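*Asks:* Take these sequences, add in the hints, and give me the full structure.
2 protein chains.
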Amino acid sequence: MKNAFLNYIGELQNSITSSIEKVDGSAKFKVDEWKRPEGGGGKTKIIENGNVFEKAGVNTSAVHGQLPKSMQDYFKTKNSNFFACGLSLVFHPKNPMVPTVHANWRYFELYSLKGKIKDQWFGGGLDLTPYYLFKDDAKHFHKVCKDVCDVHGKELYKKFKDKCDSYFWNSHRKEARGIGGLFFDYLRSENNKNMEDWFLFITDVGDSFLNAYLPIVNLRKNHNYSSSNRIWQEIRRARYAEFNLVHDKGTLFGLKTNGRTESIFISLPPTARWKYNYIPKQNSEEEKLIKILKSPIEWVK
Amino acid sequence: MKNAFLNYIGELQNSITSSIEKVDGSAKFKVDEWKRPEGGGGKTKIIENGNVFEKAGVNTSAVHGQLPKSMQDYFKTKNSNFFACGLSLVFHPKNPMVPTVHANWRYFELYSLKGKIKDQWFGGGLDLTPYYLFKDDAKHFHKVCKDVCDVHGKELYKKFKDKCDSYFWNSHRKEARGIGGLFFDYLRSENNKNMEDWFLFITDVGDSFLNAYLPIVNLRKNHNYSSSNRIWQEIRRARYAEFNLVHDKGTLFGLKTNGRTESIFISLPPTARWKYNYIPKQNSEEEKLIKILKSPIEWVK
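From first to last, the protein sequence lines are chains C and D.
Quick note: the first sequence uses the numbering used here, first residue 1, plus one each step.
Quick note: the second sequence uses the numbering used here, first residue 1, plus one each step.
Among these hints, one or two may not hold up.
[As the list claims (entries may be wrong)] Once the Cα atoms are required to be at most 16 Å apart in a straight line, the calculated EDC-like pairs of lysine to aspartate or glutamate come out as:
no., chain 1, residue 1, chain 2, residue 2
1, C, Lys146, C, Asp136
2, D, Lys35, D, Glu262
3, D, Lys291, D, Asp207
4, D, Lys275, C, Asp32
5, D, Lys174, D, Glu262
6, C, Lys158, C, Glu298
7, D, Lys135, D, Glu286
8, C, Lys221, C, Asp207
9, D, Lys158, D, Glu298
10, C, Lys275, D, Glu234
11, C, Lys174, D, Asp197
12, D, Lys288, D, Asp147
13, D, Lys275, C, Glu262
14, C, Lys193, C, Glu155
15, D, Lys256, D, Glu38
16, D, Lys256, C, Asp248
17, D, Lys275, C, Glu234
18, D, Lys146, D, Asp207
19, C, Lys301, C, Asp136
20, D, Lys154, D, Asp207
21, D, Lys249, D, Glu298
22, C, Lys275, D, Glu48
23, C, Lys275, D, Glu262
24, C, Lys275, D, Glu286
25, D, Lys2, D, Asp119
26, C, Lys256, D, Asp248
27, D, Lys174, C, Glu262
28, D, Lys78, D, Glu109
29, D, Lys294, D, Asp165
30, C, Lys143, C, Asp204
31, D, Lys43, D, Glu33
32, D, Lys275, C, Glu48
[Unchecked claim] Here are some chain C residues pointing at chain D (derived, C-beta under 8 Å):
no., residue
33, His172
34, Glu242
35, Thr257
36, Thr261
37, Glu262
To be clear, the hints were calculated from the coordinates, so they are not data collected in a lab.
Since this is a predicted model, take the numbers as computed values, not measurements.
Glycine included, each C-beta is placed from N, C-alpha and C at the ideal position.
*Replies:* In structure tokens form, the structure reads like this:
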């Protein structure tokens, strides 16, 4: 399972980055490989100042060793060794009409100090953060999410869509980070699913990522936009940074377990803007977005 | 004590904002008064897009009521009422040669549910965050800090300077937010100082703020700068935002106790920039700053 998923995310990193390079038409991913002193390491691939993508990062990592103190408390377990691997990506487009996207797929194993497996699970998801709301784009993204879930269980889409809305909630702003997608965690062998079933599920989700996102990029990347659209994008990017720095468990976890800060922070927007108490004009496109973020809706049935 | 300090911060807010308006020469502070549903409220004064100050905010607040759950854990006390008041300010100048400054002075009282005072203390400080290091400016700022401390106790400057360096430590970057100043907390009636002594101390610190900062602003505000100096300023402003959102107790506290987000976030920079793994050129002015931030030094003896 460990090796199968490790291979999978390695190949997925390559296929996603080559597709993104094609769509961008100009930028090439820069590659940084890094080692974790306590065991394992990762590969960070990043574009800055592309044609389409102002910043786009795809990380893979596979780390192992003794479970750090902070993670012991988090998982409520002591004296364990662990293995964790995953892929995470965030793409920040230049054009404010193209949404930002985030995805992450990860696998975790816990062992007794003698090396016996105690627990194993998958987690992850994908979610979309538009600056201007095109309902067709939101429906398309959620439709791809639902279709891939439906193959594995009719209850999964609603469950993981709801989890996504509640996880990416910027509580101090009383609004969602974006329009959601899927979020799942602790997918374990239980009830009617074993780890192989979840492996098939999560790899299907990974394989559907480009189908969910690229059609939207291609549709919107040549839209006209004004400097005030860009300012709005930067104000919203600041909310993105707020969520990641204040609330996101993965980010804080990485920082507190001595992760590689620059790899963790590929998720942060290239630029951000904090204006005091900025309130969009009534009935503006900006206000329409906020309304949806304040109370998430169903995009597909 | 409560009323004396409340009056003091009200007057200080007015005197600081009028001095800042004079130095800016163009902007006028916008005033927002707000109420806290659970008791008390505050006054936020803010400038955006001034001549000298791109964003400058001065908050005062006085809140009271039952100690919220999150604060009970923090102060290790139950069944208490509280009163808290303070002034906090952050000035983000436009010119990268002018440093950002932060200051905060606060007073806290805890009562039994019957209204008897259980505890009371002062806290606060002031600290400077340059984008380019002018040693004379750093020395001047620290000299003012030291002079005001020395009047009240020869040991105070070193103690509060060291606390400032350790508090404003951006641990995930292994660097300080800025070049420090003073930081103190839980100044209680004990040993050779009573609350009146600390009141005289903290009001002396408050009164010295403009002397510590304005001469630096006046000296640097007309310096030439390039667009690459601005980009460096924005990269450093992102570190400022990281500190405030990830580490700053006051910010997280405010967000978690349902404070007014827009007033808390006047501290955040007007713009910020996250470039991947940006490393300044050897022997550049940018690198010189980083070296000082990585290992804080003594500025005055």
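*Asks:* Could you grab the alpha-carbon distance between D/Lys275 and C/Asp32 and see if it respects the 16 Å cut-off?
*Replies:* Cα-Cα ~15 Å, so holds.
*Asks:* Would the hint linking D/Lys146 and D/Asp207 be met if the CA-CA limit is 16 Å?
*Replies:* holds (14 Å)
*Asks:* Run the distance test for D/Lys256 versus D/Glu38: straight-line Cα separation, threshold 16 Å.
*Replies:* Distance ~14 Å between D/Lys256 and D/Glu38 Cα, so the pair holds.
*Asks:* Taken at face value, is the distance from the CA of C/Asp248 to the CA of D/Lys256 at most 16 Å?
*Replies:* OK: D/Lys256 and C/Asp248 at ~15 Å, within 16 Å.
*Asks:* Hey, D/Lys78 versus D/Glu109, does the alpha-carbon distance stay inside 16 Å?
*Replies:* Satisfied, since the Cα-Cα distance of roughly 14 Å is no more than 16 Å.
*Asks:* Against the 16 Å threshold, does the CA-CA distance of C/Lys275 and D/Glu286 hold or violate the hint?
*Replies:* violated (27 Å)
*Asks:* Please check whether C/Thr257 passes as an interface residue: C-beta within 8 Å of a C-beta belonging to chain D.
*Replies:* violated (11 Å)
*Asks:* Holds or violated: are the alpha carbons of C/Lys146 and C/Asp136 at most 16 Å from each other?
*Replies:* Holds - the C-alpha atoms of C/Asp136 and C/Lys146 are around 15 Å apart, at most 16 Å.
*Asks:* For the pair supplied as a hint, D/Lys135 and D/Glu286, is the alpha-carbon distance within the 16 Å limit?
*Replies:* Cα-Cα ~14 Å, so holds.
*Asks:* Under the criterion of a CB-CB separation shorter than 8 Å, is C/His172 in contact with chain D as hinted?
*Replies:* holds (4 Å)
*Asks:* Would you check the hint for C/Lys275 and D/Glu48, treating anything up to 16 Å between C-alpha atoms as holding?
*Replies:* Within the cut-off at roughly 8 Å; holds.
*Asks:* Hint check: D/Lys288 vs D/Asp147, CA-CA at most 16 Å. Holds or violated?
*Replies:* violated (27 Å)
When the structure is compared with the earlier hints, violations turn up for hints 3, 5, 8, 11, 12, 20, 21, 24, 35 and for no others.
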